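Undergrad: Sequence lines, in order, name chains E and Y.
Be aware that the first sequence starts at 116, since it is given in the working numbering, and climbs by one per residue.
Be aware that the second sequence starts at 116, since it is given in the working numbering, and climbs by one per residue.
Everything labelled a hint here was simulated from the structure, so no lab data went into it.
Predicted model only: the values in this text are computed from it and were never measured.
Accuracy of the hints is not assured; some may be wrong.
Copies of the same chain are indistinguishable here, so a pair counts whether it falls within one copy or spans any two.
To be verified - Think about it this way: if two alpha-carbon atoms lie no more than 25 angstroms apart in a straight line, the pair counts; the simulated SDA-like pairs of lysine to any residue are:
1. Lys-272 - Leu-335
2. Lys-341 - Val-277
3. Lys-260 - Arg-363
4. Lys-341 - Gly-276
5. Lys-337 - Glu-366
6. Lys-272 - Asp-338
7. Lys-272 - Lys-341
8. Lys-337 - Ile-302
2 protein chains.
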Amino acid sequence: MKNIFTNKRIFDASPAASGGFVWYIQRDKVVTVQSPATVANMVCGFDVLGFAVEAPYDIMRIQFSNQPGITIINEDDFQLPVEPEKNVAGAALLALLAEVPIPDIGLEIRIRKQIKPGSGVGSSAASAAGAVVAANYLLNEPFSKSDLVRFAMNGEKLASGVKHADNIAPCIYGGVTLIRSIFPLDIVSIPAPELYVTIVHPQIEVRTSDARSILKQNVLLKDAIKQWGNIAGLVAGLLQSDYALIGRSLEDVLIEPVRCILIPGFHEVKERARAVGALGGGISGSGPSIFMLSTQRNIAESVAQEMKAIFARIELAHHTYVTSINPAGIRVIES
Amino acid sequence: MKNIFTNKRIFDASPAASGGFVWYIQRDKVVTVQSPATVANMVCGFDVLGFAVEAPYDIMRIQFSNQPGITIINEDDFQLPVEPEKNVAGAALLALLAEVPIPDIGLEIRIRKQIKPGSGVGSSAASAAGAVVAANYLLNEPFSKSDLVRFAMNGEKLASGVKHADNIAPCIYGGVTLIRSIFPLDIVSIPAPELYVTIVHPQIEVRTSDARSILKQNVLLKDAIKQWGNIAGLVAGLLQSDYALIGRSLEDVLIEPVRCILIPGFHEVKERARAVGALGGGISGSGPSIFMLSTQRNIAESVAQEMKAIFARIELAHHTYVTSINPAGIRVIES
Chain E
116 MKNIFTNKRI FDASPAASGG FVWYIQRDKV VTVQSPATVA NMVCGFDVLG
166 FAVEAPYDIM RIQFSNQPGI TIINEDDFQL PVEPEKNVAG AALLALLAEV
216 PIPDIGLEIR IRKQIKPGSG VGSSAASAAG AVVAANYLLN EPFSKSDLVR
266 FAMNGEKLAS GVKHADNIAP CIYGGVTLIR SIFPLDIVSI PAPELYVTIV
316 HPQIEVRTSD ARSILKQNVL LKDAIKQWGN IAGLVAGLLQ SDYALIGRSL
366 EDVLIEPVRC ILIPGFHEVK ERARAVGALG GGISGSGPSI FMLSTQRNIA
416 ESVAQEMKAI FARIELAHHT YVTSINPAGI RVIES
Chain Y
116 MKNIFTNKRI FDASPAASGG FVWYIQRDKV VTVQSPATVA NMVCGFDVLG
166 FAVEAPYDIM RIQFSNQPGI TIINEDDFQL PVEPEKNVAG AALLALLAEV
216 PIPDIGLEIR IRKQIKPGSG VGSSAASAAG AVVAANYLLN EPFSKSDLVR
266 FAMNGEKLAS GVKHADNIAP CIYGGVTLIR SIFPLDIVSI PAPELYVTIV
316 HPQIEVRTSD ARSILKQNVL LKDAIKQWGN IAGLVAGLLQ SDYALIGRSL
366 EDVLIEPVRC ILIPGFHEVK ERARAVGALG GGISGSGPSI FMLSTQRNIA
416 ESVAQEMKAI FARIELAHHT YVTSINPAGI RVIES
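Next up, chain E with everything else stripped away, as it sits in the complex:
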């Protein structure tokens, strides 16, 4: 048995790791996390604002292994690849391990996915972010949240070809997050009041690449001004718990009018949700899921009923969730 699999302190002199961090391997430690779904592209906050929800979430369990490198065990039916470099959790963990100055370290991760891939609520981000957050706890937290976002973005690169943090950031930070800048990475937590979230996932495929390609590269300055008036209003509404202002600001004049054509029933869902009291909402990520925000759980439940009725009428298989904004992000449930 190798050294690192006995309990051991390793004083690290490598500048790659956090200065002076005492690496300590506790051989029999096991960490289990809940990694939640997330909503990116929060209406007027395209590419910059997102939030985590309480449900659905993936469950991931990580421990040290005698086998150097990453061992992935899928405990669900999605038949995702187990080769680390082909698996989003694996790709994120490989990026993390590259900054752990312990040779031949081995990690085993068991993944029970409950967030359906391709639904537009950050399934790949939950895998990538959950894996590195769990590994960070296993290693006694050598890395900052910002490091973890950086590692997890490698998972997103594998999933979509782009190193984006739209879902990673709210998954790791919790609540509503703003990605003010991607280079250099600048993530800002936006403390939000209690808000209930209704999500409907119509069972159609919207490829992220298609959703990207139909966007215009150029927009009218006057429309961009409307959009940044709304995002400023939304941030002010969230920070001041001004629900009416949040509702007035949940308007997207640039992206939604183009992308909504990919999602049958979109306008009706929005209209009916507002009619029964929702503040507003829009496309989750690049779709096909649609989310709506409400101030109360019973309104969020009425919204779900409306969504079900609409998709039943147009005969489209669908699934709804009634949940709330998750202020914590990924939770360690066992350690």
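Using the hints, position chain Y against chain E.
TA: Using the frame of chain E, we list chain Y on its own:
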């Protein structure tokens, strides 16, 4: 002498006025206000974010007159027109009087302008907004702030051809204001921490129409995304007194790169201001004034020294102000 010039209560049944408001004319009442300069187009907040400053300000004194309509007396050397329909304060007052259900009312306003017209710090807005705020006090406040903005916008229409509220809103509401939407008008106060402001007014003419005409009608979506990431960061920074975040967010990738060519010394002012500790800043309104924000008065004073040195070197007459954000907006100083 007409009725209205004796002290008199008038019970109003006109639906045009605030419901049930008791109109009361106090013949000998005099109201004096300080109406401050304002900075519109707050960096990334083009067309939507602005703020009021403590100095400079105009002084306006209003009272009832035996002469029906508006009488304007200029107590400065700017030789602005005294015909109400040609004067921005007059145009704003005419809009207000149109909603006062008292026949043959007469108002006399004395204006001592201290904010130089054409300097880019809301000189016309100070006249228009100051006049209607003073008149509202004189009439015992029948109108809401939102009404007053609406009246004052008629002054801006006269000054620039456009009914904009970029300077009117912060002048009337004080502090930092967001115009989330212009139709319908939606003004949001953004409570800001204490911030010092240095303004330099280089004595060149930048016509608002020129500053508008050089802007591109179309912008790249990716630049617009950067801009709304920054405005979201700026609003969050202001509301949470996060000075570092305010500083990082004071970046304009769309308007400033085009308009700064109209202002000699612009880049040097920005660079030197940051070098001596300013958080950042940009073009005030459509120029030619430049403003910089600082956390402390002594930094704001160093910024002024740098500005003076730069414009002295390029031999351009200029004037600087060291002031602070004015949380109150227009102040009644005598009533």
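Undergrad: Which of the stated hints cannot be reconciled with the structure, identified by number in ascending sequence?
TA: Nothing - there is no hint that the structure violates, so all of them hold.
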